[in-house]
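Peer 1: Residue numbers (this note's numbering), protein chains in the order written: chain H, 1 to 349; chain W, 350 to 698; chain G, 699 to 1047; chain C, 1048 to 1396.
Just so you know, these hints were derived from the structure itself, not from any lab.
Keep in mind it's a predicted model, so treat the numbers as computed, not measured.
There could be a bad hint or two in this list.
[Unchecked claim] Derived BS3-like pairs: lysine-lysine, alpha-carbon spacing no greater than 25 Å straight-line:
#, chain 1, residue 1, chain 2, residue 2
1, H, Lys348, H, Lys302
2, H, Lys336, H, Lys302
3, H, Lys72, G, Lys770
4, C, Lys1342, W, Lys464
5, G, Lys770, W, Lys421
[Stated by the list, open to error] Which stretches of chain G does chain W cover? Using the computed rule of at least three CB atoms under 8 Å from a CB of chain W, they are:
#, stretch
6, 826-833
7, 920-930
[As the list claims (entries may be wrong)] Here are the in silico distance ranges between beta carbons for each label pair:
#, chain 1, residue 1, chain 2, residue 2, range
8, C, Glu1385, W, Leu666, 52 to 60 Å
9, H, Glu338, W, Val369, 20 to 28 Å
10, H, Glu338, W, Gly654, 53 to 61 Å
11, W, Ser568, H, Lys115, 49 to 57 Å
12, G, Pro1011, H, Arg162, 47 to 55 Å
13, W, Gly665, G, Arg735, 48 to 56 Å
14, C, Lys1395, W, Leu666, 47 to 55 Å
15, C, Arg1096, H, Arg162, 51 to 59 Å
16, H, Glu50, W, Tyr658, 26 to 34 Å
17, C, Arg1068, G, Lys1046, 49 to 57 Å
18, G, Glu746, W, Glu537, 50 to 58 Å
19, W, Gly671, C, Met1267, 33 to 41 Å
20, G, Asp732, W, Pro475, 19 to 27 Å
21, W, Ser568, H, Asp122, 43 to 51 Å
All residues carry an ideal CB built from backbone N, CA and C; glycine is no exception.
Chain by chain, the residues run as shown.
Number of protein chains: 4
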Amino acid sequence: MFFASDNWAGAAPEIVEAVVREAAGFAASYGVSDTDRAIEARFSELFEREVAVFFVATGTAANSLGLAAVGKPGGAVFCHREAHIVEDECGAVEFQTGGARLMQLDGPDGKLVPKVVERAIDRLPPGFVHAGQPMAVSITQATEAGTAYSIAEIEEIAGICRERRLPLHMDGSRFANALVHLGVSPAEMTWRAGIDILSFGATKNGCICAEALIFFDPSMAADLPFMRKRAGHLFSKTRFVAAQFHAYLEDGLWLAMARHANAMADRLRAGLAQAEEARLAWPTQTNEVFAILSKERAAALKRAGAVFYDWPPPHGLEIDGGAEALVRLVTSFATKPEEVDRFLAALKA
Amino acid sequence: MFFASDNWAGAAPEIVEAVVREAAGFAASYGVSDTDRAIEARFSELFEREVAVFFVATGTAANSLGLAAVGKPGGAVFCHREAHIVEDECGAVEFQTGGARLMQLDGPDGKLVPKVVERAIDRLPPGFVHAGQPMAVSITQATEAGTAYSIAEIEEIAGICRERRLPLHMDGSRFANALVHLGVSPAEMTWRAGIDILSFGATKNGCICAEALIFFDPSMAADLPFMRKRAGHLFSKTRFVAAQFHAYLEDGLWLAMARHANAMADRLRAGLAQAEEARLAWPTQTNEVFAILSKERAAALKRAGAVFYDWPPPHGLEIDGGAEALVRLVTSFATKPEEVDRFLAALKA
Amino acid sequence: MFFASDNWAGAAPEIVEAVVREAAGFAASYGVSDTDRAIEARFSELFEREVAVFFVATGTAANSLGLAAVGKPGGAVFCHREAHIVEDECGAVEFQTGGARLMQLDGPDGKLVPKVVERAIDRLPPGFVHAGQPMAVSITQATEAGTAYSIAEIEEIAGICRERRLPLHMDGSRFANALVHLGVSPAEMTWRAGIDILSFGATKNGCICAEALIFFDPSMAADLPFMRKRAGHLFSKTRFVAAQFHAYLEDGLWLAMARHANAMADRLRAGLAQAEEARLAWPTQTNEVFAILSKERAAALKRAGAVFYDWPPPHGLEIDGGAEALVRLVTSFATKPEEVDRFLAALKA
Amino acid sequence: MFFASDNWAGAAPEIVEAVVREAAGFAASYGVSDTDRAIEARFSELFEREVAVFFVATGTAANSLGLAAVGKPGGAVFCHREAHIVEDECGAVEFQTGGARLMQLDGPDGKLVPKVVERAIDRLPPGFVHAGQPMAVSITQATEAGTAYSIAEIEEIAGICRERRLPLHMDGSRFANALVHLGVSPAEMTWRAGIDILSFGATKNGCICAEALIFFDPSMAADLPFMRKRAGHLFSKTRFVAAQFHAYLEDGLWLAMARHANAMADRLRAGLAQAEEARLAWPTQTNEVFAILSKERAAALKRAGAVFYDWPPPHGLEIDGGAEALVRLVTSFATKPEEVDRFLAALKA
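Looking at chain H on its own, in the form it has when it is part of the complex (with noise of 0.2 Å):
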């Protein structure tokens, strides 16, 4: 019952066969080889337009160095309060571009509220050079709290940006949960609604390594072969990675993971809405599932052999701090209906 979190699953049979196949011959290193220039056209082909595609080794690495691309002296992002650049990073932005500061912003349901956008970076007035000049918003797709935002929430916000010329970058760590649950194509979800930049995760939903950075303006991305290579995430056998993405998109299987992931936090979702035993903390989209429980039933869980952790409850949750706890249960690719209905059964054990 590991619902710890969806990297704490393997890869998926068809990424490692790409792998395999990859392995017996020679090819350039360095990302030039003809199975990385094949990926590139397919992620040009994928988002309907011509864009610049950067493998690294982490999400980590993708957001650090997607805002350094566009980073400044004194630059300030503008992102939730929650948002795993804020929280999970340790610092990564902030040393990548040299200094950027993170203004963290509240919302519900771990989403920006234009508004409050709004008014955060006007706080800022250009020329000002006691307050740093804005630098980007990042937004995360899925959410930290596995929420999703709508097409017209992320055009809402794009235009904030665009009024300000700000760049609008994308945390894509949970994209294709997020795409399955909209119903959208990777065009409609991104620079049709106004993003800039996109870290595309794959390494979640069933890969061993597989990270993109996407800038849908390659003009944007100028000085990002040397940013990565000095940042030490230029892969020698970049061909690796490559290969396990053109499994990765291959016939839809990314999306199929994505589906199944998600479908199987919906089933969570239902068992613990009928539970007396659990309330849920806010609505699932993707594939999470958050849901407050009594201490002693957490830990009951969790000696029946359920894996998953607790998580800092956000501000306004309301939630028995000395009684109960908040817990985050992750779905993923290799999440079986069975295991859910173990985790369902122990609960009320």
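Chains W, G and C: place on chain H using the hints.
Peer 2: Below, chains W, G and C without anything else, positioned relative to chain H:
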């Protein structure tokens, strides 16, 4: 006829199989799975003492994080002018350390000369803020020139470091190739000779993506977990790197692959030594051969399908810059004797 | 009617005379002249213990270098959301520390709330690399709101820091103004209450350019000489800064100037309290008065020659954003009572 | 007998008087007072074109911020191995640029050799990420060796830069000394010869603390206001620096002081040339004389009250390291002829 670099080779079957096996199950992410824990113990066994091990994506990451671990404000790293950290890492050490200087020293055969090192360090007397402060010495084993430091040579440099309490770093991107050349143990070539920090490379020697940063005094690495995460180098599914290392170190696979690569280089060297059409630039000790050819000959070889790089002639090499080219020929675990022979035949054609 | 900032004032005659005297002779540069050495002793005497003192050009330099001295990879500094280091230093702390994060906490009257600090720190448990590591707490005394922490309030925050072995930094850009308000000694307001690092500002209180960074535990500053030089903050003729400090601290000049500035602010406050045309935004304790006026009234005052800035209303302040403005009025050693009275008269005109 | 450095001198009376005058009144802070605005116009007049001017605390700050303005990821700055930015700034350029590399080139008399520069730059071909990217060339005028580049020499290096679109920086810590030596105009020694960025030093030549960073193409400095503030180098009472510059540039004071310093160095040089007890290490052109003495003689001079530094002998200088010392003797606006004569007499005593 692929002699461009050892990272043009794919990956060894044993390595790939280990990845396939790892893909099947669930396990803890971020370096705490059983596979991860076991490899830490394996490295300590290999080096005959307790070591701290950190996986990263690339040799550049290992070098820059390894030196950052001993970083100081105004810090200076003493290294060879042709070191990989100077010539081929796009300023990674400077970046990762927040601005360390690489003091670029001359020496024959890609090796540091002890007296030159000593004099350079002593130009930065303790407490003299203008000059900054010595921070580390870094050597490459095998060197960029395909040579290897003898144990006595390492010990002499280590002695200079010890007197000044400076850590000594080894860029071991081709560690195995040097090791089998010297015929010593991993402990003998490292901490027993005075090495404090090692970038232990495996990617070039048959892995997909497997680099380890090793500290022989784990207390030196107290902040490394944060530095690695901040740099985006903490893989989520780190056990896939650990699995490669398990296979790599099992039953001497790594040594066998390095021996093969060195033997292929020696076959190439022997052939070149006898050919009128080329001369060896300096002695070959590991898996890189440097030869001087006429530019026409080099071009003809490329037309015949040989893949290799021209190399910038180091200071002091006698070469007719107008008519001759210095070329680098690298062999790997995957190089076949027939390929070497085909190359030698093409040279004379 | 200059109330824009205390740094609009020139410099006190005693300060200028000290500079004139220093100009005549030769002396060692880079901080080792007799004048420099004497001021170090003077600071130790002033604070009743041995301290390490570093002159720098600006308060921003003092704050950022002071926090850099205790920097950690992935480090987090806990401070008020309206702190100068957050709002007015263009990311200097983030830059100087190589990417520390400022955790921006809310609290009334420009002051940190102990429980909020505690909770924020404890979201970064030891060894949890994703969240980074707590690095320091920073308070401003006097605060950006013109208020001052009581000794008990400082001690309470210091207790939280001590339990977690976190250094406590004080941004003392208006140190003297807070000191005379509290009526305590420099030692009482700093290390006796638990402060480890102090940015001791004198520029705003009658100097030309004199800021000192003070460490109450000199061992904490071991690398600071290198950090300061590297940041370009080691003056060559540092004795001109030292000379200003000598005059500043002699015969209580600094306290007299601060008392005057505070008295002028109090005169302003008293006048505003009685005026129908304005209301005080919160209590004035040092040399900054915050008042709420109608926008017409504010504009009329500016037309009448008063110089002051509008201020962004902090979260929670009741103000009619359409019709009213929050304004900041700052007094200094050079403010004359007649100017205050003219301002108050103009307010009613 | 103070010959340790020109920054051991105090400040010229005219400079000090300007500071005294400025102290009396109120004026806008942070660089926008009338005094500040006027000096910007004055610099444009001096250089016969519109320039962007930024005051900073030190020459190190000017150099490092000036190069940071043209920073690039993986950027390399080409400079002399004995340049101040290499030897005496504690890694300031590397720090301020987020990790640029200083490529340290050899050349006689403290000057870069055009062919060496050209070859070094061309080792970093465009787009080759491993090597990083050329970012700037930096020369020192007058050099660390007390020599000065001729206009033709500057133009030759500038030509190399122009072909490769690389900005050319001049460290003008002793700008005035070189200028009066060459007998040219400020425009002729800078932008007309191809200089893009200038660190214009005045502190060493009679000021208290006055360094200006000048961009001949203001568009190159678009981000500099933020960089300067972020680095803690935006003085609040910046008009006190501006006032020094006004006095410095008025009625040719700066040129007169530099001429005096150079004349004193020449007097010293002439005396040394005739003395048997010493020999000149190389030609003196500005206000620094380098001489070789026996170690006993050097010690005797120090005992007699002469203050000067031993200097690390540059590569290639013929000197008996056991018995002789290279010493540096620096004169300033405040050096008296009697002091020079006393020194020469003591040498023979």
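Peer 1: Each hint should be assessed against the structure and marked as holding or not.
Peer 2: How the hints compare with the structure:
1. H:Lys348 to H:Lys302: holds (13 Å)
2. H:Lys336 to H:Lys302: Between Lys336 (chain H) and Lys302 (chain H) the Cα gap is close to 18 Å, so the pair holds against 25 Å.
3. H:Lys72 to G:Lys770: With Cα atoms ~23 Å apart, Lys72 (chain H) and Lys770 (chain G) stay inside 25 Å; holds.
4. C:Lys1342 to W:Lys464: Distance ~23 Å between Lys1342 (chain C) and Lys464 (chain W) Cα, so the pair holds.
5. G:Lys770 to W:Lys421: holds (12 Å)
6. 826-833: holds (count 4)
7. 920-930: holds (count 7)
8. C:Glu1385 to W:Leu666: 52 to 60 Å: holds (56 Å)
9. H:Glu338 to W:Val369: 20 to 28 Å: Given about 25 Å between the Cβ atoms, the range holds.
10. H:Glu338 to W:Gly654: 53 to 61 Å: The hinted range 53 to 61 Å holds for Glu338 (chain H) and Gly654 (chain W), with Cβ atoms some 55 Å apart.
11. W:Ser568 to H:Lys115: 49 to 57 Å: Taking Cβ atoms as reference, Ser568 (chain W) and Lys115 (chain H) lie about 50 Å apart, which means the hint holds.
12. G:Pro1011 to H:Arg162: 47 to 55 Å: Hint violated: Cβ distance 28 Å, outside 47 to 55 Å.
13. W:Gly665 to G:Arg735: 48 to 56 Å: holds (50 Å)
14. C:Lys1395 to W:Leu666: 47 to 55 Å: Holds: the Cβ-Cβ distance is about 50 Å, inside 47 to 55 Å.
15. C:Arg1096 to H:Arg162: 51 to 59 Å: violated (37 Å)
16. H:Glu50 to W:Tyr658: 26 to 34 Å: holds (30 Å)
17. C:Arg1068 to G:Lys1046: 49 to 57 Å: violated (36 Å)
18. G:Glu746 to W:Glu537: 50 to 58 Å: 57 Å Cβ-Cβ, so the 50 to 58 Å window holds.
19. W:Gly671 to C:Met1267: 33 to 41 Å: holds (39 Å)
20. G:Asp732 to W:Pro475: 19 to 27 Å: This hint holds: roughly 24 Å between Cβ atoms.
21. W:Ser568 to H:Asp122: 43 to 51 Å: Holds, since Ser568 (chain W) and Asp122 (chain H) (Cβ atoms, about 48 Å apart) stay within the stated range.
Consistency with the previously given hints fails for numbers 12, 15 and 17, ordered from lowest to highest.
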